[in-house]
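Visitor: Given the sequences, and given the hints that come with them, work out the whole structure.
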Amino acid sequence: MKKVWKFLSSMPFAIGLLVALSAVCALSSLITQGQTYEWYAGAYGPRLGALILALGLDDAFHSWWFWVLTGVLCGNLLLCNLVRLRPLINRTRGFYSADGLPETQDAAPVVHRPKEVFAALSMTPRETERQGQRILFASKNGLGLWGPWVCHLGILLLVVGFSLGQALHREYVVYGVKGQTKPIGDTGYALTIDDFQVKLRADDTVEQYEAAVTVFPQGEAGRGQSARLSVNHPASLFGMKLYQNSTGWAAALTVSKEGQVLEEQILCAGEGLQVQAVPGLVVYLNAFYPDFYLRPGYGPMTLSGALNNPAYLYSIYFQDAMVGMDYWQMEEGPIKVNDYEFTFHDPESYTLLEIKKDKFAWLTLMGGILVLLGLGLCFYVQPVQLWAREQADGTWMVYGKSPKGGPLFTERLLQATEKAKES
Amino acid sequence: MLQAENTLFTLVMLLYFSAMILYFAFVALKKDPIVKVAMGLQGLGLVLHTAALVLRGLAAGRLPLTNQYEFATAFAWGLCLVSLIFMLRFTFPLLGAFSAPVTFLIIGYAAMQSKEIHNLMPALQSNWLGFHVSTAIIAYGAFGVSFVLGIIFLLRDKMKAQGFLDEHIPSREKLDIIAYRSVSLGLLFLSFTIITGAIWAERAWGSYWSWDPKETWSLVTWLVYAVYLHLRLRKGWQGKAAAIFAVAGFVCVMFTYIGVNTFLPGVHSYK
Ligand code: HEM
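Chains as they are written, first to last, in our numbering: chain L, 1 to 423; chain G, 424 to 694.
These are calculated hints, taken from the structure and not from any lab test.
Here the structure is a predicted model, which is why all the values come from computation and not from measurement.
Here are a few chain G residues that sit away from chain L, every Cβ distance over 12 Å (derived from the structure):
| no. | residue |
| --- | --- |
| 1 | Ala-427 |
| 2 | Asn-429 |
| 3 | Val-450 |
| 4 | Ala-451 |
| 5 | Asp-455 |
| 6 | Thr-473 |
| 7 | Ile-508 |
| 8 | Leu-517 |
| 9 | Gly-531 |
| 10 | Lys-538 |
| 11 | Ser-557 |
| 12 | Leu-577 |
| 13 | Lys-581 |
| 14 | Glu-590 |
To spell it out: a stretch of chain L is covered by chain G in this simulated footprint if at least three of its residues, at any positions, have a beta carbon under 8 Å from a beta carbon of chain G; those stretches are:
| no. | region |
| --- | --- |
| 15 | 5 to 18 |
| 16 | 201 to 212 |
| 17 | 230 to 239 |
| 18 | 352 to 365 |
Ideal Cβ positions, reconstructed from N, Cα and C, are used throughout, including at glycine.
Guide: So, in C-alpha cells, the structure goes:
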C-alpha cells in the first residue's frame, strides 16, 4: 500500500500523466468536436464514427475520462506537494547554515583573498568556525528552492478552479433591441437594454458594439444597477458578468385587418410572431438585408451595413406547415393572408448579451499567477551557497554549490576565483 | 510610412541572408573574424527590423501584432533577438550558423503574407492582446533557440570532435544547460502568453478557455516542455533525450503557429 502511495506521488507517474494529457489534447483537437453520429460516420466511416462516440471523443474535454485524468493529476500534484513540504522546509533551513560544507572538496580552487570571490558573486559572507578552522559562508536566493513547489500549487489551484468553473458555472443569453426588458433565465433578475449602437468606421467596418443595460431583481425595478458594455469591456452587476457577444437585425411586425392595427411586435431575425387572432398562424422574420442585392446565380446579399435598400426575408406557417416564403420590401405594400395584412418596418440592430456566473474564475487566476511566480523563482532566482575554508598556510579553499547552475556556475566561480588568487 | 517599412523589411531580409551566408563561411573557412562580421550584420538587421516594426506600428496606430504577416515578422525578430543574446551571453557565436537559417525561413514566410493594414475587429482591440502576442514572440524566439541547440547537441554526438568544432561548440553538459536556459525562458513566456490570452478571451468572448484548437495546442506545447523539465531532473535523461524533447517541443510550437491555422478551424484563424 505504501508503495502505491509512493508511486502515485512520484515524478515518473507525473511524467506519464503529462504525456498522456498532451497526447489526449492533441488527438482531440484533430477530431472536430460536437458533431453527430452521421457527421462522424461520413467523415471517418461508420465503425470509427461509432468508436468516436463510444469513447466520448466527440466532446473529449468534457468526457468522463478527461475528468478522471485531470482528477488524477490534481491528486498527484497534491500528494507530491504535501510529501515534499517538510523536506523542503528542512532544505531551506539548511540552505542558510554553513553546515552543508562537505568534509573534503576535490579540486577546489585556492585563493588568497576570499572576500573578493564573494563580492564577485554579489554575496557578503559571515564568519564561523569548524574544527578550529575559520570558515566564511554566504548563501543567496534561497527562495528559488520554492519555485517548483509554488508552481505545482499554482497548477493545482488553476486546474481545480477551472474544473469547478466548468462544472458549476451558469450561462444565459439575452437578446433584444433598445428599450426591451427581458428576464435573465432563472436568476430572478431581469435586464433592460437602455441603448445599443453599432459604431461603424468610414469604410463601413465595425469599430465597436456598445450597449447600455440596467439589471434589476424581478419586480423591484427601483433597485436596478446600470452599466455600459462593449466587446472587450464586460460589465459586472449583481455578481453576474455581462458580455457584449454579437448582434443581428430586428424589425417590428404589424398585423392589421381592414386598416386596423391588431398587434405589433419586434422580431429579431429568426423569431416568429404567433398571430393572436388566428390560432396556428405564425409569421417569421428569417433574415434582413439593409442594402439588398439579389446577385444572379448567388442569391441574396447585402452590399453594406447602411439602410439603403432594406429587404425582409419572411416565411408564413399555418399549423406547422409552411404556406409561404419570400423577400419583401416596403414599396410592395402589405403582405396579405386572407383578410390579414402584415408589414415589417423600423429595422434596427439587436444586441445579444451573454451573462455568466463563475464563482471560481478568481481561483484559476490565482493559480495562473502562482504558476508564473513559481516558474520565475525556478528559473531566475538561482540558489547559491559559497564557502571559503582557511587552511594552515593562510590560503583559502573556495567551495560553491548551485544546483541549477551546473557547468555555467562552475565557470563563473572559476572566473571569480582567478582574480582572487594573487596574494 | 508603409513604403519606408517595406524598404526596411527588404533590407532586413538582405542583412539576415548575408549574416547567414557569413556564418556558413565561418564554419567552412574556420576564420574567426568572419563570425564577428556576421554577428555585426545580424545586429544591424535586428536594429533595422525594430525600426520597421515601429514604423508599421505608427502607420497602423496600434501594436503591429495582429495578423499573419505582423506576427511572422515579429517572430523572426524575437528569434533573432534571443539568439543574439544567447550567442553573446554564452560566448557561442557558432549558434548563429544554425539559428540564422531558421530566422531567415520565418522572415521569408512573413514576406509571403499580405502586408495590408486592416482595421481591427472589436474583439482584437485590447491591451491584453498586446501582452499576449508580445510574450508569445519572446517565447517562440526562445523555443526556436532551444530547437537549434537541441539539433546542435544531437549533431555534436555524431561529429567526431575536431579542433575547430571543439573550440566553438560548448561541452555536452554546457550545451544541455544552455538549452535548458532557453526552454526556461520560453516556458515562462509561454505561460504569460497563455494566461494573458485567457484574460483577453474572457473579456472578448466571455470565456477564458474554450478548447479552441490554438488554445489546445499551446497547452500541448506547454505540457511537452513541462515533460522536458521533469525528464531533465532524472538521471540518464539529461543530454540526448532532453535534446530530442527540445526539438519535438518546437515542432509543437510550429504546429500551434502555422498548422492550427491551416488545418484546424477556430477563432484564432482571423478569417
Ligand atoms: C503541468 C504540470 C507541471 C508543471 C508545469 C511542472 C513544473 C515544474 C517545474 C518548472 C519544475 C522545476 C524544474 C527545474 O527547475 O528544472 C518542476 C520540478 C518538479 N516537479 Fe513538476 N510540474 C508539473 C507537474 C508535476 C507533477 C504532477 C508532479 C508530481 C509528482 C511534479 C513533480 C515535480 C518534482 C518532484 C520536481 C522536482 C522539484 C525539485 O527539484 O525540487 N510535477 N516541475
